[in-house]
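> Now for the letters of each chain:
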Amino acid sequence: MSQLFPRYANTLARASIVAVVLGLVGLGVVGYGWVQSSYATGVATHVSQPVPFSHEHHVSGLGLDCRYCHTSVETSSFAGMPSTHTCMTCHSQIWKDSPTLAPVRESLTTGTPIVWNRVYRLADFAYFDHHAHVAKGVGCTTCHGAIERMPLTAAAHPMRMQWCLECHRSPERFLRPREEVFNVRWTPPHDQIEQGRRLMQAYGVPAHGLDNCSVCHR
Amino acid sequence: MTMSWDAIRNRLSDVQGARYWQSLEELCDEPGFQELVAREFPAHAAFWESPLTRRRFLQLMGASLALAGLTACSLRTAEKLVPYVRDPEGVTPGKPQFFASAMVRDGHATGLLFESHLGRPTKIEGNPDHPMSLGATDAFMQAAVLDLWDPDRSQTVVTRGRVSTWEAFESELLRQRQQWQAAQGSGLRLLTEETTSPTLVRQVEALLRQYPRARWYRHDPVDRSALLAGAEEAFGQALVPHYRFDRADVVLTLDSDVLADEPASLRYAREFAARRRPEGPMNRLYAVEAAATLTGAMADHRRPMRSLDVGVWAGKLLARLQDGLPAADPWLEAVARDLLAHPGRSLVVVGYSQPALVHAIGHALNARLGNLGQTVTFTAPAPPPATAPFADLVAEMHRGEVQSLFILGANPVWTAAPELAFDAALRRVPFSAHLGLYQDETSALCTWHLPEAHFLEAWSDARAYDGTASILQPGIAPLYEGRSTHEVLAMALGSPTRSGLELVRETWRGAHPGTDFEAFWTGALEKGLVPGTSLPPVVPTPRGTPVAPPQAPAGLELVLRPDPTIWDGRFANNAWLQELPKPLSKLTWDNAALMSPVAAERLGLSNGDVVELRVGERSITAPVWIAPGQADDSVVLTLGYGRKVGRVAHGQGSNAYVLRSAGAPWIQPGLVLRKTDRTYPLATTQRHHRMAGEPLVQVSTLQAIAATGSMPTEAPPSLYPEVAYPGHKWAMAIDLNACTGCSACVVACQAENNIPVVGKEQVMREREMHWLRIDRYYEGPLDAPRTYFQPVPCMHCENAPCEVVCPTAATVHDDEGLNAMVYNRCVGTRYCSNNCPYKVRRFNFFQFSDWTTESLKGMRNPEVTVRSRGVMEKCTYCVQRIQAAKGDEAATGRPIRDGEVRTACQAACPTRAIVFGDLNDPASEVAALKAGPRHYALLGDLDTRPRTTYLSRVRNPNPALEEA
Amino acid sequence: MAARDSEPPVIRPGYTIASAAREIGDLVLRRPIGWPWLMGMLLSAGLLTLLAVAVVVLLVRGVGIWGIDIPVAWGFAIANFVWWIGIGHAGTLISAFLYLMRQRWRTSINRFAEAMTLFAVLCAALYPLLHLGRPWYFYWLLPYPNTMWLWPQFRSPLIFDLFAVGTYLTVSLLFWYVGLIPDLANLRDRAPHRFQQLAYGVLALGWRGSARHWQRYESLYLLLAGLATPLVISVHSIVSIDFAYAIVPGWHSTIFPPYFVAGAVYSGFAMVLILAIPMRAAFRLDGLITQRHLDLMAQLMLAMGLLVAYSYATEFFSSWYGGNPPEWTAFVNQVTGVYAPLFWGTLFCNVLSVQVLWAPKVRRSPVALFVVSLLVLLGMWIERVMIVITALHRDYLPSRWGLYVPTFWDWATLCGTIGLFFFLFLLFVRLLPIISISEVEKLVEEGA
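Protein chains in written order, with the working numbering: chain A, 1 to 218; chain F, 1 to 964; chain B, 1 to 448.
Note that these hints are calculated values from the structure, not bench results. Please read these numbers as outputs of a predicted model, since none were measured by experiment. Every clue listed holds true.
Listed next, the stretches of chain B that the computed footprint assigns to chain F, with coverage defined by at least 3 CB atoms under 8 Å from CB atoms of chain F:
| hint | segment |
| --- | --- |
| 1 | 56 to 67 |
| 2 | 122 to 133 |
| 3 | 136 to 145 |
| 4 | 149 to 163 |
| 5 | 245 to 259 |
| 6 | 385 to 397 |
Heads up, the beta-carbon is just placed ideally off N, CA and C, and yes, glycines get one too.
With the sequences and hints as input, model every part of the structure.
Next comes the structure, spelled out in structure tokens:
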């Protein structure tokens, strides 16, 4: 009776074992990589807007304070979006007829609001409170990145629990003095950790419990 | 039938001390008995998990059968962000605002504050400044937001079945007004519900001035006219009594649920409960009544008695008080002595369902006891003096004298006594316009139906029971084409453009001439009431003694009552109220013919048997429900069910209005019962079986405490390590001595936490979702049991059994002692619920929350996650309120004060039975209560260390009556 | 040798190595498809379809289609899970435990018993997935690096379960497959058709039966047997902890682990007999699966039955002697309450019916054995249901006492998995040697 299998069948068998193992590991690695990639998180991919608003121009260029437009950031969980009226306080004088601002003028005349596309979207089951964070010395740029260098706005960080916990488990790494919160050019000092610890003391940021589920989930 | 009621009675009589039972099965083992009342499987089994279940359920909630559990889906989907064009005054996005207004029921206003998120009213709280609210609310007020957002509400003008417009109606009015001009309005009739609105009165007067021969009638299903007639008889003037429970040491109620269904009940309950504290001078309550009521449940001594016989009994009592000869009846004698022992500090209350004569006797009793001006004061009624009776209007209609009829708010076709044949009469009216929230039975027979604006959508005003006027301000522009009564009347007056705001302001400008009107106006709006508008007290003089009524013939009587959850039927389409368990029977979604065990025994009836109730030639069928403690010869049926309209209301229960008679609206003798061979499944949230011996509700008597004193129960020694809670340490204490079981807290919780409704079939399958339930226990003799209520939210155990068994750590403890439930981490093993000894966890067996109906989205509390199918949920101590307070604490640096965080249930409670706070704050009220002698933990010996604990119930029985 | 001579032969005398091999091999290679097999296949395939439908409806509508509620949040799903896992145990016990005990009679039954284990565990493994409120997140029970920085909660018995059952499935599969290798080679060599030769050839992993092969095979097999044996004890102990761990009166009991293991093996033996007796008749295997096998199995089953009876007694005693009111109430409710029929049914099937096995005559009558086995299997299922439901439907607060009534879908899922089980088993008897050829050959050689 002739041989059922050719010689190389053995090699094939051995190879297949290795292949399966590697394949499974590879799948895991790739999967995790994808989840972390900006494809999944949307980090650094800017969202198209009805008006190509440039934070770079308004913040670095004109030096507007964040609170000029995001008025309720110190009083409410929601930082607030500028009303058409707010835009027009300046743009009724400058760039009066610039075509890019047409939607803004139209909104004012027709009274229909400008519909922006969200850049940062937090899951519906997670609750974030701007005024609490700002008061505790969490700077705008800590979460929103180098906004002053964004001609078009893009998310700087993935809104992932992992990312929230980085700070909620060790706030000292990120806290800055209250007066620096709205300073977009602030850079952490060399002794950030000590500074941070001191600020936690000063602002009454608890060392434990910030990673309780009930802090963000209701 | 093999069971014997004597056997049960013996079982109950021979047991030592408190023995609780929840319902009848647990009393007796006889199989016959089980047959009689149990019916476990039929009521429950649904082998095919019936398609009807689903259809009905979809119908109710339009549930989406979404496959994916979206609460944990954070995939990036395009989302819009829409700022204002012009920033509105004083609105901070993300911060709720509160506005003062009032809710009107039976014409009387109760002050409230409504919470508004970016212009969406989502929650109602009581108005602490308002005399009839004192910060509390009832279940109806809590559920009002669902009425506002109800997708079933009438949305367009309809004429003769065709959709029409307001313009069309106005042009029709033009024609009408010419006729009225011609005939001085002789054919013009106005029908409203009972009202106290100054603006409405002003408008009606204007109308009558313009058309002198027009008439204004009022019709309200909850008829309290006997009060006025009684006062007429006693004092010669139409007055209404105001009870001062805060001054009364001994209270006797005669067929009255004064703590629950009077316009002033919230205030009464608060003042009554304040006098129940065994620490202070504790009052004593005697209740003589036919139906088992919440007031009766609070009573130290309760005497079940036919409503028909109450008058006679009261007459005997009056005689006893006057001639001083000891009465034969020891119970009456004891009550009499107790009352006499407290002259000027006792109080006799007569229910509005009793005829005028009995009210007169009640007044005479109070006069004899020197209570007039002390524990009971009088004022003129807040509503304007009654015009001709409603019956006259119907007569006119029958005679064809009515050409144009405005029905504003009422639903007479459905609520009028059938012998009046209102529907037939209405058909004879050529022009009839009905203004209502829903297209209902009446609008179907009117030539015009007009969509009414909900009270949260419109400007109006009204007076409270004590006359205090409130201005009702809207929280949102009408969702549909709704207009207010005032606006419609303005149309009739020929000024269709007048807005509700103008009309109301005009009224008050009239009352407040002078320059400071704007200040007055804003002041009134902010405070929610117009100061100094309460009616002046009148000190009446009794004239002679009323003669006791004759003994009524024996036999069954029919007692009609407003329903504890849907009232007279106006809330029948409110799913929250439909699913709210009736405080005593714990029934949902239906009414039933309530009868005492003895009556049921006599007729061989058991729960769910359908009987025919016949009074005279009129009859309806209704399922039977056995209500321990009810008078043997009276059958109680609640109004409001059997509606023919509304997706929620339709087809639930049986229509008690059919048995109503214009002469005797509440009590009718000569009821005939016939058992049919049908049974009807009733959905109760408390299934009832033998009790495991533990004293879940701890009860003692004032005397016992005085004698022995009682110690707070110590927590048992534990093998678990003590955990320190350095920051806040949230906890709750519930005073079982104050809880009247009114269930406002249950609806408050539902509104605050976006809790879904599940529908009758799912309730029967034991899947109701209420985070907070109120357990009801009976103790003592079967015919006159003592009733105890026990609200049970999540206990937030420090050693929580649920936490250790969750495989995904979806329920965990936080550093402030909250037992957190993380919906988005829950995979739904339901292990936590199995391991919860209190069974306070609720599971989304289907997609219970409605994700599809647009209007309901507007109603939701944005601070609370809307749960998806397959997720466990439970009471969170309103963590969103805690977090909000902590957010502000963080921002302002000001520590949270005691009472700053109030849970929804606590805020709603009329009697302040629920107290929430921080145990680490030694000055906090909750800390004090937990240190007190009445404090105990439910199932404390399981060493779960619950944070929610109870204060034991204390009774204050009359030693002369208390059985050894 | 003396000892062995005294012992009656394990298989009927007169077999030669060749004849034994042929008899078993031909069952797979040459036997035409018979109508009993076809009927069985049709029936189980039908039930399998029912399972598919039930699962789809479940995924679309939610676990609400079952009779579960609050308080009874676990119903058939968990009971069936426990039941199926239990059935698996007998297979492992026979093939591993008896192997270590040098029980040579196991040879004729271990192969299909192992197959039974495998399929039973597969059926069992379905339930924990399906009973989740959100099955599509089942992987949150696995410890893997994730963007939430969360681990599963290792204190939860359900996590223990995951690992216990996972291990059990893997080891059973390995054990079964390793044992198959020489037989696969055997089939490869005698297969008439080329595709059969190829198929079995691939699976045989190039087995040539050289001394080296045999030496490694033996040691690996022994090793796996050593691994599998403790699992017989551990797996169901851990499953029982799902209940013993809980505060629920009627669950919270330390005797659950041994009690569950006994029950498991008990039901397992019943299933083995239920499978063996018809096969024996259909394939005329009474030479290989002899009277003696049935007798020994019956004796083991009786022993287990007594163990189970003892557990019931202990449970009663401890709840009475413990003096813990809730525990006692729970027991009384179990015996007299709404679900009392379950209790008495269990008692009848699991304790009473097996007593007939004292009689040697019954032990040797296949029909009688078959009936008793069916009763035991049923009894064990009823017992699982009773444990899950009666404890839950009345725990501490009477206000929340309730009921559990299975719906159509509860039954559909149960029958569905039974269909799945027999579907797989019938495939097995067509495609693989139901008795270990190599081991039978060894027996023949040893002249048993």
